[in-house]
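**Q** Sequence:
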Amino acid sequence: MTHEPVLISTIAIGLTAAFIGGLLARRLRLPAIVGYLIAGMVIGPFTPGLVADEAIATELAEIGVILLMFGVGIQFSFRDLLAVRSIAVPGAIGQVAVATLLGVLLGVGLGWGLGGGIVLGLAVSVASTVVLLRALMERNELDTPQGRIAVGWLIVEDIFTVVMLILLPTIAPLLGGHAAAGPPGEFGPLGEMLLAVAKATVFALLMGIFGIRVVPWLLGVVAREGSRELFTLAVLALALGIAFASSAVFGVSFALGAFLAGAVVSESDMSHQAAADALPLRDAFAVLFFVSVGMLLDPAFLLAQPLAILAVLLLIVGVKWSTKFFIVAAFGYPLRTGLTVAAGLAQIGEFSFILASLGLTLGLLPMEGFQLLVAGALLSITINPLLFGAITPIEALLRRRPRLARLLERRAGALATLEGGAGKEPLRGHAILCGYGRVGRMIASALKRRGFPYVVITQDRREVESLRDEGISALYGDASNPELLEGAGIHEARTIIVAIADPHATRLVVERARAANERISLVVRTHSDAEVSHLQTVSGNIQAVHGGRELAVQMTRYTLRRFGVSATEAEAIAQGLRRRGSGEPHIDRRPRSGGGRSIIARLVRRSRRAASHDEIETVIDEPLADRGGLQQPRDALTTTKPDVSGDPIIRP
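Quick note: the sequence shown, position 465, residue 465 per our numbering, numbers continuous.
Any given hint could turn out to be false.
[Stated by the list, open to error] Just the calculated beta-carbon pair ranges, DEER-fashion:
(1) A304 with G363: 45 to 53 Å
(2) T361 with R401: 44 to 52 Å
(3) F46 with R400: 43 to 51 Å
(4) I209 with R401: 50 to 58 Å
(5) I209 with T392: 32 to 40 Å
(6) T392 with H178: 31 to 39 Å
(7) Q273 with L397: 44 to 52 Å
(8) N541 with G487: 20 to 28 Å
Just so you know, the hints here were simulated from the structure itself, not pulled from any lab data.
Given the structure is predicted, the values throughout are model-derived calculations rather than measurements.
We put the beta carbon where it would ideally sit given N, CA and C, even for glycine.
Take the sequences, apply the hints, and build the full model.
**A** Given below as structure tokens:
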């Protein structure tokens, strides 16, 4: 007796197609999700050739949804939300309301009815977590004010989506759809909605009261067994088991159960390990989820509906971008913050597909609407990098219209100008410190200790108010704003320190500071050799500090001292590495990779082999004698005992 291995063939076809599609997308510098969706379309029933089993793919996608929501729950952070609650909560609510209203109008205009319009509006109002986080990390903006606002905004959208996953099945009959699969309700649509909310509330309370104690305890017990395999199994059992129990016992969706399971696990000390163990399976099944969505795309239908696709795309990109930008501007944030938040959230993704799939199942959203939403997602994710690329040109365009720029940033008010008064003398020969994160605070502390005057420019309003209460000159806004630099006394300043993490904003600050004051010296934080080279070409009298290289140099010096290398020799080696610029010791001139760990490993190996004075010179590729270097015998490395008395790293 023979049978066709449908499950295995579906997984094999789906993952292979997704791999090829994702690889091509990344080669084209597009998000991998675009490749997964196109891969699904290629192996779907609407295109010729190899076809995967749609029913099996849908079941596998359900596991992907559960693990996706479980991962969202683990990463969910009320702390991140509270830090930006003043703009994230009202901003997200306002944007969701606008997008939903316009979605209803578009859906009704296309003949889908009220229910289809509501599902469309809800689906386009939610951005993709994957796309946003990847874009922010690639631009080093995740830990910037605009990055934190965008993530907080996304958290509010996620919470709203979870609530709608509860309510949609119960209100579907009121909107022209049908109830979720199961026995017919006995209490009418309104009663069923209240019952569903009550069940979900009871489930959430049980998870909050008992789950938050039992789950971390259980993970702790398993972790003490010392078996990585058992711990991974426990995490997956919790994710899938709680999701299934939430649906079977309380009648709530798998997605909500998985989200709450992840939120409970996040309270455990092992949450990071749990996330790491669930990540590979989550990614694999999430890929199958995107592939299954792509399988529903009919290319012929899409080619026949260009105007409808354009309308949905304008709703996703145009309306969402403009709404977010003007909301952020209305709260008095700098132009660049508004442009970054708007660009990062002007797309839709995984949550939109979950909502659209639910709407399709409930009979609210027609297949035509689902197709248009998937097409809109595909296009919005594809053009999202272009929106990020347009941030600097759009900001420059607005800056060339000072009245408009001041109007958009009008709420900065008094915080955007230095405080004056009878006891205040005009600043002269001072430092301008752009950015007040961990790096900026350390620099400010050193300046304050020596009594040197300085002005802080930061995009954290509360930080500005706190600094002013301490008597420190501080300005609120974007340091690349020429008017703000004028207000900070750029013409009379001795130096400007750029300690912000965003490389694009850093370049703008350098260019505009140099345009305002050709003589001013600059000290700039950078993250790559390419940034260092670029900054040194656009501006003279600049000290570009590569954070990764400095870390590698310090670790190299410390490691060599532990192996008995004298302080003089270790310092000479460190200075040679710093001057070479690449941060990589090598014998020839060909560039190599490996970073700081490679530096340390190579030099330690040479030290342990009792390297000679000449060998150390070869490592640096620059004679130490020319630098006033070592005057020790050839066996210095083998005879010198560890001496840390002069070690600057561990000096009190």
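**Q** Look at each hint and say if it fits the structure.
**A** Results for each hint:
Look at A304 against G363: about 23 Å separates their beta carbons, and that is not inside 45 to 53 Å. For the hinted restraint 44 to 52 Å between T361 and R401, the CB-CB distance of approximately 49 Å keeps it satisfied. In this structure, F46 and R400 meet the distance hint of 43 to 51 Å, their C-beta atoms being roughly 48 Å apart. Hint check: I209 to R401, Cβ distance near 56 Å, so the stated range 50 to 58 Å holds.
For I209 and T392, the Cβ-Cβ distance of about 50 Å falls outside the hinted range of 32 to 40 Å, so the restraint is violated. The beta-carbon spacing between T392 and H178, approximately 50 Å, falls outside the hinted interval of 31 to 39 Å. Between Q273 and L397, the C-beta spacing of about 48 Å keeps the proposed range 44 to 52 Å intact. The supplied range of 20 to 28 Å is met by N541 and G487, whose beta-carbon atoms lie about 23 Å from each other.
Comparing the model with each earlier hint shows violations of hints 1, 5, 6; every other hint is respected.
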